[in-house]
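A.B. asks: Given chain H, work out where chain U should sit, using these hints.
Given next are the chains, with one letter for each unit.
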Amino acid sequence: MDSAYATRITVTVNGEPRAVAIDNRTSVLDLLRERFGLTGTKKGCDHGQCGACTVLANGRRVNACLALAVAYDGASIQTVEGLAGPGGLHPLQGAFLRHDAFQCGYCTPGQLCSAVGMLTEAGPSAVTADLTEDPPLTPGEIRERMSGNLCRCGAYVNIVRAISSELPPGGELADPVSAIPLGDTAPYPPAGRQQEQEARP
Amino acid sequence: MKQFTFARAGSPADATRQFRNGAAYLGGGTNLVDLMRLGVTAPDHVIDVTGAVSDEITAHDGGLTIGAGVRNSDLSSHPLVRERYPMLARAVLNGASGQIRNAATVGGNLLQRTRCPYFQDVSMPCNKRSPGSGCQATAPGADTANMAVLGHTPFCVATHPSDLAVALTALNARVRVVSQAGVSQARGMAPDGGRWVDMPGLHRLPGGAPDHDTVLRPGELITEVELPPPAGGRQTYRKVRERASFAFALVSIAALLDVGPDGRVRDCRIALGGVAHAPWRALAAERVVLGVPPAAEVFAGAAEAELRYAHPLAGNAYKVTLARNLITTVLEELIP
Numbered sequence: 006m007d008s009a010y011a012t013r014i015t016v017t018v019n020g021e022p023r024a025v026a027i028d029n030r031t032s033v034l035d036l037l038r039e040r041f042g043l044t045g046t047k048k049g050c051d052h053g054q055c056g057a058c059t060v061l062a063n064g065r066r067v068n069a070c071l072a073l074a075v076a077y078d079g080a081s082i083q084t085v086e087g088l089a090g091p092g093g094l095h096p097l098q099g100a101f102l103r104h105d106a107f108q109c110g111y112c113t114p115g116q117l118c119s120a121v122g123m124l125t126e127a128g129p130s131a132v133t134a135d136l137t138e139d140p141p142l143t144p145g146e147i148r149e150r151m152s153g154n155l156c157r158c159g160a161y162v163n164i165v166r167a168i169s170s171e172l173p174p175g176g177e178l179a180d181p182v183s184a185i186p187l188g189d190t191a192p193y194p195p196a197g198r199q200q201e202q203e204a205r206p
Numbered sequence: 002m003k004q005f006t007f008a009r010a011g012s013p014a015d016a017t018r019q020f021r022n023g024a025a026y027l028g029g030g031t032n033l034v035d036l037m038r039l040g041v042t043a044p045d046h047v048i049d050v051t052g053a054v055s056d057e058i059t060a061h062d063g064g065l066t067i068g069a070g071v072r073n074s075d076l077s078s079h080p081l082v083r084e085r086y087p088m089l090a091r092a093v094l095n096g097a098s099g100q101i102r103n104a105a106t107v108g109g110n111l112l113q114r115t116r117c118p119y120f121q122d123v124s125m126p127c128n129k130r131s132p133g134s135g136c137q138a139t140a141p142g143a144d145t146a147n148m149a150v151l152g153h154t155p156f157c158v159a160t161h162p163s164d165l166a167v168a169l170t171a172l173n174a175r176v177r178v179v180s181q182a183g184v185s186q187a188r189g190m191a192p193d194g195g196r197w198v199d200m201p202g203l204h205r206l207p208g209g210a211p212d213h214d215t216v217l218r219p220g221e222l223i224t225e226v227e228l229p230p231p232a233g234g235r236q237t238y239r240k241v242r243e244r245a246s247f248a249f250a251l252v253s254i255a256a257l258l259d260v261g262p263d264g265r266v267r268d269c270r271i272a273l274g275g276v277a278h279a280p281w282r283a284l285a286a287e288r289v290v291l292g293v294p295p296a297a298e299v300f301a302g303a304a305e306a307e308l309r310y311a312h313p314l315a316g317n318a319y320k321v322t323l324a325r326n327l328i329t330t331v332l333e334e335l336i337p
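These protein sequences, in sequence, are chains H and U.
Numbering-wise, this note's numbering puts 149 at position 144 of the first sequence, and it's gapless, one number per residue.
Numbering-wise, this note's numbering puts 235 at position 234 of the second sequence, and it's gapless, one number per residue.
Looking at chain U on its own, in the form it has when it is part of the complex:
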């Protein structure tokens, strides 16, 4: 691990003021410290932001504000999250282990890096880690079982590993970020250097710049996540993985179904994890379901509409089948 200087930040402004090229914000460290040990990332200055951002969950305007410093375990055990946003609680509970959830923060969870084995192995080419070096995951003989099937390019087929982010994508959450005040005022942002980023929208597809996981600019700091008032209907999160616990998703789904008194679907949200470089909001599938009575054939058509353009790699065609089955099965279970 490369040597680094260390500082604590006492406020968001303090954190962004201390940021410079080559610096990294530290939350719980459950991903960053591992990446530093692997040599994937090598900051020369580490800024501990756990004292800079809120670690509280507060109800507000019918919704919920979650400080970026809230630990994953405190999020999933919070009474209001369990009662009003069950897909969120369940997504968090399905991620990592008890030890990791105790340390990992909400902000850090959203900004964790892909677990693509070629990204994590510094002896391999990787456009995400070292832009322009190539993509070992698309080389002949590569293990593509856990790579993307949607929205990928020949330059990056990595998937986003977060469960939390999939639920936030389905819940229409938004993320508050701040940057150095002078910088953002010049860009016409709020005086505190803040702006809101909608979910979906925080995480990027790889496009021509797979080294950028999110739309955040260097030095921007997530300070909180805001959930809108809870939607009606029923919701859940289901994750399929290679073992029953403590593994990343092969495919996961956050889904919500609200059927109106006329028997027609008035709200439907579907977000998929494990299939793309970002949490995948299945808008095409949602459009098929909205406004019609819920039924198995409708859900099958919705899955088909979303996955029609899936492009599996040599070793992961199973993910398309899995995603289709998850969409249809979970939506059927959500019918009241």
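Looking at chain H on its own, in the form it has when it is part of the complex:
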């Protein structure tokens, strides 16, 4: 490796500090998979469009494919391998199992890391009516906030159910998860307009 184009960095991965010399072109995704052997994080599109590579960097969910590892020197990275604790699976992992929130499973590590990060993010989303409030995480809010994670199997319905079942204290839904109907509360078209259309003979 030509040293002018390489850099020695230290990153903490799932709590463990690791020093490594990398080609400056290396993404966090390739660093995790190719250098550290942490293949739980998946490469889907490698363009930031699918979310399969989502990891938590300093606690925030990001696309590892668009992150130059050299720019993340000193960062703390958490991957799907680091979600489970000594007591067993992360609650969201358990919820994904209980609610059958995947089929092939390729997008699942990204969905899990994204959901863990999403649940820590304050503030409104694009579907929040009143921007000044921190809205409850309704299925519609969860869908919007998870839109950076694609699932080619179409497991979205149960992914939303799984996440809904593990909302942090204060964020619980009024209705039990089982009450969420299939395909409800899509943000578009606006409810009023839909009613108009349905009212037509």
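Bear in mind the hints are in silico, worked out from the structure with no lab data behind them.
Don't take each hint at face value.
Said to hold, decoys possible - Restraint ranges, calculated between C-beta atoms of paired labels, are given here: (1) U:His61 - H:Pro141: 31 to 37 angstroms; (2) U:Asp15 - H:Thr15: 21 to 27 angstroms; (3) U:Pro141 - H:Pro22: 22 to 28 angstroms; (4) H:Gly99 - U:Thr154: 56 to 62 angstroms; (5) U:Ile336 - H:Val25: 57 to 63 angstroms; (6) H:Ala24 - U:Ala43: 47 to 53 angstroms.
As the list claims (entries may be wrong) - Coverage of chain U stretches by chain H, computed from C-beta distances (three or more under 8 angstroms per stretch; other residues unrestricted): (7) 45-51; (8) 96-102; (9) 308-317.
No residue lacks a Cβ here, since even glycine has one placed at the ideal position from N, Cα and C.
C.D. replies: Frame of chain H; chain U shown alone:
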């Protein structure tokens, strides 16, 4: 991806001092890294400026100063932005995904490149990527559905992809940029090499140089965005896209309507996204609305005044209809 040397900059002066031809400033990397991977751009030196510019939002003189290093997600969740500049918060929330907003910076958002598929495909001619090579988007059979309808030329029909920039254009924001001190002092600028660029005005129409997205000169670095004190009235941002989330705009609108006690409109701002090479401030439409009582017919006339000279391509006449409907619908909703 071409090999590159890498450095971090600790201050704006440090960043501009390190800049040389062939270098690129790196913010969150959500567009630059992708363009490097695609081969669209191939810097030989990458300067990480996230430690060089502020990542804070501060209230000042009734307005707001937003550091260029502020992440998009921190901008849209900031209490003052949500309360005083709702069109800005909503524009940012309508852009990209949660993951990308966590990484992307304000400065980088403004300087992101077009998502024109012919620009991103290095096997295609593109005057923006390779000046003089031609424009595949205007070739027979090209997919023009998402191209410009206003202000384009036969040499470039690309659109600007940012939502944030559309809101800043309607809000009369201005952008602080700095360059190497020696260079800019020679041009009569401030000792720190700084100057202000107004929005609209940062982004260019393609004209004869579609390779230039903005008026920035090589090596100039955006350090902050300044918002004037919030305008009165009501404001919002609406984006129409091919799916409900995580897609670029077909057409978007940032709009503000302020009706005075006499029942006449005293302030109106309209900026459109997805229709041109730059965020499109609809000044002709605004002039129709200003000074008269707000009404559906007035808004229809305003839309007509703005879109009269729209020049749709083979596959995007729908954008003119969409822009007209957005202007009239959103303004009607903003009537108090």
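A.B. asks: Each hint should be assessed against the structure and marked as holding or not.
C.D. replies: The hints, checked one at a time:
{"no.": "1", "hint": "U:His61 - H:Pro141: 31 to 37 angstroms", "result": "holds (34 angstroms)"}
{"no.": "2", "hint": "U:Asp15 - H:Thr15: 21 to 27 angstroms", "result": "holds (22 angstroms)"}
{"no.": "3", "hint": "U:Pro141 - H:Pro22: 22 to 28 angstroms", "result": "violated (58 angstroms)"}
{"no.": "4", "hint": "H:Gly99 - U:Thr154: 56 to 62 angstroms", "result": "holds (57 angstroms)"}
{"no.": "5", "hint": "U:Ile336 - H:Val25: 57 to 63 angstroms", "result": "holds (60 angstroms)"}
{"no.": "6", "hint": "H:Ala24 - U:Ala43: 47 to 53 angstroms", "result": "violated (29 angstroms)"}
{"no.": "7", "hint": "45-51", "result": "holds (count 3)"}
{"no.": "8", "hint": "96-102", "result": "holds (count 5)"}
{"no.": "9", "hint": "308-317", "result": "violated (count 0)"}
In terms of the numbered hints stated before, the structure departs from hints 3, 6, 9, listed from lowest to highest.
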